[in-house]
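**Student:** Spelled out from the first residue to the last, the chains are:
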Amino acid sequence: MATGADAAPVGRPTTDAPTDLPAAELRRRLDARELSAAEVTEAYLARIAALDPDLHCYITVMADVARAQAAAADARIARGEAGPLTGIPVALRDNLCTVDADTTAASKILQGFRSPYDATVVTKLREGGAVFLGKANTDEFAMGSSTENSAFFTTRNPWDRRRVPGGSSGGPAAAVASGLAALGLGSDTGGSIRQPAGFCGVVGLKPTYGRVSRYGLLAFASSLDQIGPFARSVEDAALLLGAIGGHDTMDATSAPEPVPDFSAALAGDRDLRGVRIGVAAEYDVDGMEAGVKAAVDAAVRRLADLGAEIVPVGLPHTKYALATYYITAPAEASANLSRYDGVKYGLSVESATLRETYERTRGEGFGPEVKRRIMLGTYALSSGYYDAYYVKAQKVRTLIKRDFDEAFARVDAIVAPTSPTTAFPIGARTDDPYQMYLSDVFTIPANMAGIPGLALPCGFAGGLPVSLQILGKPFDEATILRLGHAYERSEGWAERRPNLA
Amino acid sequence: MSLTIADVEHVAALARLGLAPEEKERLRDQLSSILGHIELLDELDTTAIPPTAQVIALANVLRPDEVRPSLPRDAVLANAPRLVDGFFAVRAVLGGPGADTDPS
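Top line first, the protein sequences correspond to chains A and B.
Residues in the first sequence are numbered consecutively from 1, following the working numbering.
Residues in the second sequence are numbered consecutively from 1, following the working numbering.
Check the hints yourself; a few may be wrong.
Claimed, not checked - From the derived model, a few chain A residues whose C-beta atoms are all more than 10 angstroms from chain B:
1. Asp100
2. Ala151
3. Arg162
4. Pro260
5. Asp341
6. Glu359
7. Arg362
8. Gly462
9. Gly492
Stated by the list, open to error - If you want the footprint, here are the derived chain B segments under chain A, 3+ residues with CB under 8 angstroms:
10. 14–25
11. 28–34
12. 44–54
13. 59–71
14. 74–81
No wet-lab data here; the hints were simulated from the structure.
The beta carbon of each residue, even a glycine, is placed where N, CA and C say it ideally should be.
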């Protein structure tokens with residue numbers, strides 16, 4: 001067990017290989033014709049072939065699609081029509097619908113499902129000329145914190161293969177960390193982008209609820225779900241958010257807010273004078289590892305060195321967020337997952353009656369965690385318990401949101417650890433669901449309040465990455481990206497890569 | 001909060017979720033434990049607090065009532081486990097003679 005942040009360097013430095021370079025640098029080299037999209041794609045596919053049989057980042061590798069997209073990207077670059085993501089290889093989490101690869105949500109109930117349409121984010125990347133390397137692993141229907149709930153396999157953490165990559169978007173997080181994708185897309189309902197980004201030592205961003213269209217994202221908890229980027233730098237995360245953000249008539253909850261030029265927001269200098277950053281004592285909890293605390297405290301001092309004013313803020317209802325989430329999210333999930341009934345698509349266990357067909361299909365198709373949440377959510381919504389659980393949780397959600405509203409009246413951003421621990425060993429938390437839930441204790445409040453959160457590397461403890469979380473005001477991703485970028489450039493954490501040879 | 005097997009069976013029936021006997025026992029114990037943690041919320045007096053269902057300032061999002069293209073029928077039906085004449089096929093719901101008209 002780590003007792004403090006590591007002093008010695010961990011992993012290896014970044015090299016000049018296409019599978020090491022950030023997307024922004026790949027963009028520069030593609031535009032300068034120093035590299036072709038075909039070369040970049042082949043380098044990634046070769047690395048996937050060599051490493052993924054052990055790491056298990058991908059459920060489906062889309063080699064043929066990727067090669068065709070790379071050829072189209074090279075033609076587009078030659079015509080001088082490249083966009084920011086043209087020719088950049090991306091991992092898509094397997095809960096985003098694609099017409100040219102199966103979409104399973106890592107569930108037996110959807111094995112072999114081919115969506116008749118693309119998710120809006122997939123359409124945007126396709127039109128932008130991105131290269132799709134494959135569909136990446138996840139906990140089943142995004143329910144979990146380790147990818148151990150995938151019906152197919154557990155993804156390994158590239159920094160220590162005996163450990164989990166976090167979850168539920170563990171596949172794209174581990175892929176970006178391992179050089180098996182330049183960028184990744186995941187979704188975050190209670191921390192499912194930020195927590196695995198932290199465990200794998202990459203950048204992950206949960207945008208403001210409504211910033212990115214959820215059309216074509218398999219629904220888990222509709223008032224909390226949000227799609228966002230994984231990247232090897234804050235600059236890359238800004239690039240990808242700019243490509244996927246914006247209002248969409250196909251998602252009535254997507255916000256008609258203008259999308260600023262996030263990359264331009266990073267262009268300023270590193271001086272953070274005049275920026276007020278909140279630190280909340282409520283995020284210093286029992287059970288936090290000493291190495292995590294030490295690395296996050298050092299990051300706060302660094303932000304102060306860069307000129308930011310550190311301001312204590314109170315978020316008194318933080319300790320109620322986890323319990324609130326475990327009513328609200330399962331309740332919404334129980335309604336959303338009623339669509340998997342063995343009639344329209346997916347597994348169907350035909351039985352004597354329609355009702356029995358429903359029960360057997362769902363009983364055989366869903367894994368233990370999904371069943372647990374459907375049961376918990378159905379219970380919380382059932383007659384006699386609705387007010388005591390569901391309405392109560394909605395009221396506490398108001399209190400959590402008010403905490404942030406009041407804090408953000410005084411500060412521009414709030415910093416906290418992304419998770420209380422570094423990546424835990426595979427199997428360590430599977431026997432006790434509540435222990436697993438606790439690994440999202442610092443990420444859940446942002447989902448309940450709908451605010452954006454950026455996770456980025458801030459050091460190592462016990463040879464494993466530690467992550468800093470920067471929370472922002474609604475639709476002010478630009479500020480947290482700017483702060484993250486300034487911090488990242490003042491340290492070298494994001495340039496360390498795991499040794500995987 | 002302590003659930004019984006009967007509680008588990010009632011909720012599973014509402015959710016149309018088939019469970020094996022050992023799953024019912026495990027869920028009884030695990031759900032009882034999770035509901036115990038959730039009782040933390042009882043500390044808070046929320047009588048005067050309005051509920052929050054969603055967090056962005058949008059209400060009644062409407063679009064013009066116009067016909068738009070939809071997905072082709074073949075594409076939508078392509079994943080169906082059982083079809084009859086271009087429709088999803090299910091066991092008869094109303095019972096009686098001829099209820100089992102399964103085409104597969």
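**Student:** Taking a Cβ-Cβ distance under 8 angstroms as contact, does the segment 59–71 of chain B have three or more residues in contact with chain A?
**Tutor:** holds (count 3)
**Student:** Since glycine 492 of chain A was said not to touch the interface, does its Cβ keep a gap of more than 10 angstroms from each Cβ of chain B?
**Tutor:** holds (36 angstroms)
**Student:** For the segment 74–81 of chain B, does the count of residues with a C-beta closer than 8 angstroms to a C-beta of chain A reach 3?
**Tutor:** Holds, because 6 residues of the segment 74–81 of chain B bring their Cβ atoms closer than 8 angstroms to Cβ atoms of chain A.
**Student:** Examine the segment 28–34 of chain B for residues whose CB is less than 8 angstroms from any CB of chain A, and state whether their number is three or more.
**Tutor:** holds (count 4)
**Student:** Does glutamate 359 of chain A sit more than 10 angstroms from chain B, CB to CB?
**Tutor:** At about 4 angstroms from chain B, glutamate 359 of chain A fails to clear the 10 angstroms cut-off, so the statement is violated.
**Student:** Can the segment 14–25 of chain B be counted as covered by chain A under the rule of three residues or more with Cβ-Cβ separation shorter than 8 angstroms?
**Tutor:** holds (count 8)
**Student:** Using Cβ atoms and 10 angstroms as the threshold, tell me whether arginine 362 of chain A really stays out of contact range of chain B.
**Tutor:** Label violated. Min Cβ-Cβ 5 angstroms, cutoff 10 angstroms.
**Student:** Verify that the Cβ of arginine 162 of chain A lies farther than 10 angstroms from every Cβ atom of chain B, and report whether the claim holds or is violated.
**Tutor:** holds (26 angstroms)
**Student:** Please settle this one: aspartate 100 of chain A was flagged as non-interface, so is its CB more than 10 angstroms from every CB on chain B?
**Tutor:** Correct as stated: the minimum Cβ-Cβ distance to chain B is 13 angstroms, above 10 angstroms.
**Student:** Check whether three or more residues of the segment 44–54 of chain B sit with their beta carbon closer than 8 angstroms to a beta carbon of chain A.
**Tutor:** This one holds; 8 residues, not fewer than the three required, reach chain A with a Cβ under 8 angstroms.
**Student:** Would the non-interface assignment of glycine 462 of chain A survive a Cβ cutoff of 10 angstroms against chain B?
**Tutor:** holds (28 angstroms)
**Student:** Mind verifying the non-interface call on alanine 151 of chain A? Its CB should be farther than 10 angstroms from each CB in chain B.
**Tutor:** For alanine 151 of chain A, whose nearest Cβ neighbour in chain B is about 16 angstroms away, the distance exceeds 10 angstroms, so it holds.
Checked against the numbered hints listed earlier, the structure breaks hints 5, 6, 7; every other hint is satisfied.
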